Amino acid sequence: MSTELGHSLLDGYGYDGAIDHIRQEQYPQLKDNIYLDHAGATLPSKHLVQGFSADLTSNLYANPHSMSPSSLATSARVESARQKVLQHFKASVNGEWDVIFTANATAGIKLVGDAFPWTRTPSENTIGDLTSSSSGTIRRSKLTVLREAHTSVVGLRSFVQTDSGDSIDYQTITSQQVENTIKSDAVQSPQPVQGELCKSHKGTNPSHHPSPPLSPFPQISNSPSGASLPRAVFPYDSTTPVYNLFAYPAQCNFGGRRFPLQWTKQLKDRLDTDQEKTLVLLDAASMAMTSELDLSDLAASPDFIVISFYKMFGLPTGLGAVIVKTKLQNLLRKRYFGGGTVSAITSDVPWQVYRTSLHGRFEDGTLNFLDIVALDMAFDSMKTLYGSFSRISAHVTALHRLLYNSMRELVHYNGSPLCMIYVDNNPLREDGTNGDSLIGDPKTYGPILNFNLKRSNGQWIGYGDVERLASMKRIHLRTGGFCNPGSMQRWLNLTADEVKSNLAAGHVCWDDTDILNGKPTGSVRVSLGAMTTLDDIESFIAFLKEYFIDHSNPDAAANVMDSVDGNEQHLLNGSADHVQVDTVIIYPIKSCQGFKIPRDQAWPIAPHGLLYDREWMLVDEVTGSALTQKRYPRMCMIRAEVLLDQNMMVIEHDTDEQGVQSEKLYISLSDMPAESAQNSSRVCGECATVVHYTSPEINAWFTRFLGKPCRLARQPTPSHEPSPTSGDAENAPRPSRFVKSHLNAPTGAPILLSNESPFLLISDKSVERVREWVDEHDDGQGAVRRLANLSEGLDARKRHEFTSDSFRANFVTRGQEDGFEEDSWERIQIGRQVFDGQIFFGVHMLHRPDLSVAPYVVKAGDSILTTSKNIDEE
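Everything in the sequence shown is counted per numbering that gives the first Met the number 0, starting at 0 for the first residue and increasing by one.
Be aware that one or more of the hints could be misleading.
Stated by the list, open to error - DSSO-like cross-link-like pairs, simulated, lysine-lysine; straight-line CA separation at most 30 Å:
1. K264 - K442
2. K442 - K382
3. K663 - K109
Hints listed in this document are in silico derivations from the structure and should not be mistaken for laboratory results. Every value quoted in this text rests on a predicted model; they were computed, and no experiment measured them.
Take these sequences, add in the hints, and give me the full structure.
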């Protein structure tokens with residue numbers, strides 16, 4: 000990078016000039032790709048992959064539970080890897096620590112929760128028997144989780160969410176509350192951030208309440224909050240202390256914030272008594288990907304540390320571990336035992352003796368021993384390529400600082416920032432102003448940036464749009480909620496009720512519903528790794544500049560018009576009649592080819608959208624879930640032609656790879672499958688009522704072509720739905736269809752099987768602009784292949800061409816002077832039909848029968864008028 004900013008911020012970058020060679024020689028999979036999702040998984044080097052392959056083909060490894068030479072060789076490699084884990088984290092190898100291998104970090108967290116010595120409170124009528132004689136408080140275990148914890152850590156609360164009368168306590172707190180606890184003089188009543196088990200604080204939004212100067216590790220009142228854990232707890236024993244668990248991440252996987260490792264000793268010094276002890280679980284999976292963790296001071300170290308090795312090395316991917324203090328061996332309780340964990344056992348009498356070592360007791364079943372062999376090699380490979388994790392940390396810290404400063408400088412023409420970066424600042428200065436960002440200090444932030452983008456007018460840009468355009472440029476990043484509910488709620492300013500409301504509106508984890516009720520439902524995350532380069536950062540910043548910076552006022556080109564009062568509804572007028580509908584398209588079968596309506600044919604608008612648009616779908620024969628083109632690309636070769644005059648849909652497929660031509664399939668438009676075949680199918684994260692076709696001939700046709708057992712299904716249509724020629728849509732009641740109320744305001748119209756709205760409009764100029772971007776920055780093949788769905792998905796066959804068909808729009812317009820003019824449209828008139836529009840990428844529209852003129856039809860060639868004013872307010 001040639002900028003002075005780049006050079007001034009890059010102290011520690013590049014492994015003394017070796018990075019370019021490392022990148023070229025060791026990571027050929029990154030050619031023409033920009034990988035910025037190392038917090039999800041880093042990438043394995045060629046050195047490691049080839050070395051592991053050579054090892055497996057040169058040495059014989061067998062199940063370590065046997066005693067054959069090959070089994071003993073496996074056991075030796077397993078123990079070698081175990082010792083290397085301890086050495087890497089500077090943990091004493093003379094018996095103070097042990098390593099329990101697990102499937103991943105989540106499995107390690109679950110193991111801790113399952114083995115933890117929870118102390119229970121019995122049912123309410125005997126609570127008094129468990130009161131501490133000195134304090135008069137109920138003695139039961141407490142689970143405290145930092146707000147920024149991963150979902151897998153939050154999941155520990157499952158151990159307190161049961162239905163019987165016994166209980167332990169759960170609460171979520173902020174880092175400031177932890178600091179307040181450490182500094183406070185006396186343990187006081189709780190002020191948790193959130194947590195439905197703390198009844199007085201149910202539904203509290205962490206971003207709306209300042210941290211109180213009280214302890215988050217409270218004494219408990221005589222009214223039990225929480226639920227029971229009957230089989231996983233200690234009964235009360237006056238000679239046994241109650242054990243509490245505090246769980247927090249070393250580094251937040253959402254935004255990279257790091258939390259002090261000295262909390263362990265500080266909290267124990269502050270809170271531990273003869274009657275209560277605090278154990279600490281540290282989730283180090285995110286931090287360990289680029290940084291060292293020092294466990295040399297036993298007293299100052301957490302009691303349990305969970306890690307995931309694919310985040311550190313890219314390989315192995317099925318292996319994690321819990322590093323645990325061996326002094327806890329007699330404290331932890333084993334509920335289940337599997338093969339290899341017992342020294343002796345009887346079948347007819349419930350008696351068994353566990354193995355003496357801590358890892359031997361808790362590693363149930365056969366270990367993933369080949370992945371452990373890979374791990375044994377991974378430590379050596381890392382040292383060969385990079386020297387140490389301290390060098391990796393210096394490298395990514397330099398890039399992280401540069402990335403943050405570069406993104407912070409991105410502004411629109413009017414000076415408004417493009418990037419809303421979710422990052423904490425230093426405490427307030429004496430003058431009351433915010434301090435500088437903590438970015439650039441590896442003690443406070445790891446190499447992650449989480450953000451959303453805003454337009455120059457302050458509107459949010461959906462993370463789905465960012466991800467789709469990034470995919471075009473072969474930029475690999477992550478979007479969504481990142482399995483971190485506390486951080487998501489904090490930074491996106493979402494209350495618990497809003498999260499529940501979003502679910503009711505159809506938004507679920509993993510979908511691309513990115514904005515609801517004017518708020519983002521998720522965000523964008525970029526994260527850096529050992530092999531990230533300066534070119535990666537420069538390319539990402541260039542991507543943001545090219546696709547998202549407004550260089551002029553986008554509203555200046557908007558057609559601002561007024562409504563006309565009169566007997567013909569509120570039609571729009573203006574000077575935009577040079578813009579016309581070039582093509583009208585319906586997609587009778589969801590995720591299959593579109594049917595272009597003949598230019599001379601007027602097509603009816605039904606209450607749910609264009610007549611017969613996305614009324615059919617293909618469903619998995621076993622699960623009933625809708626098939627999508629993303630998973631079954633051959634769906635793009637299936638085309639359905641709707642013949643209104645013959646009341647028939649004709650289905651055929653393109654000639655396939657073997658040159659096999661299609662047999663035509665004929666389906667009556669008026670013939671609904673039997674009601675007895677009615678089922679519920681999963682569509683776009685929601686359940687939709689559909690009716691399955693039971694005809695063997697029909698279902699065999701699709702199954703044979705797709706190579707996937709499936710059925711054709713149709714959403715029920717009321718018998719009184721207007722006929723194609725009746726023009727009676729105005730008086731027809733709304734059918735009971737697939738409704739997304741958050742997208743369908745103000746009419747509440749159902750949207751059938753569409754992903755977002757009944758209609759999608761896009762202009763030929765906008766498509767041309769996107770095609771130019773692809774041609775300028777890609778070979779026109781890879782980027783298109785990777786571009787995710789904009790409505791339902793890029794047509795998978797369009798690998799060498801990029802057209803308006805790729806966006807699966809219902810209306811393609813022509814006559815505009817420049818691309819993306821439609822982004823400013825709020826109301827659109829096509830012919831004599833009025834629509835309200837929402838801008839995502841293209842215009843998602845809702846028909847307004849109350850503002851339109853019957854009969855409700857549209858056709859290619861209709862002129863278009865638009866407005867960017869809310870004419871209802873005039």
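These are the hints, each one checked on the structure:
1. K264 - K442: Distance of about 17 Å is within 30 Å: holds.
2. K442 - K382: Status holds; Cα separation ~23 Å.
3. K663 - K109: violated, 54 Å
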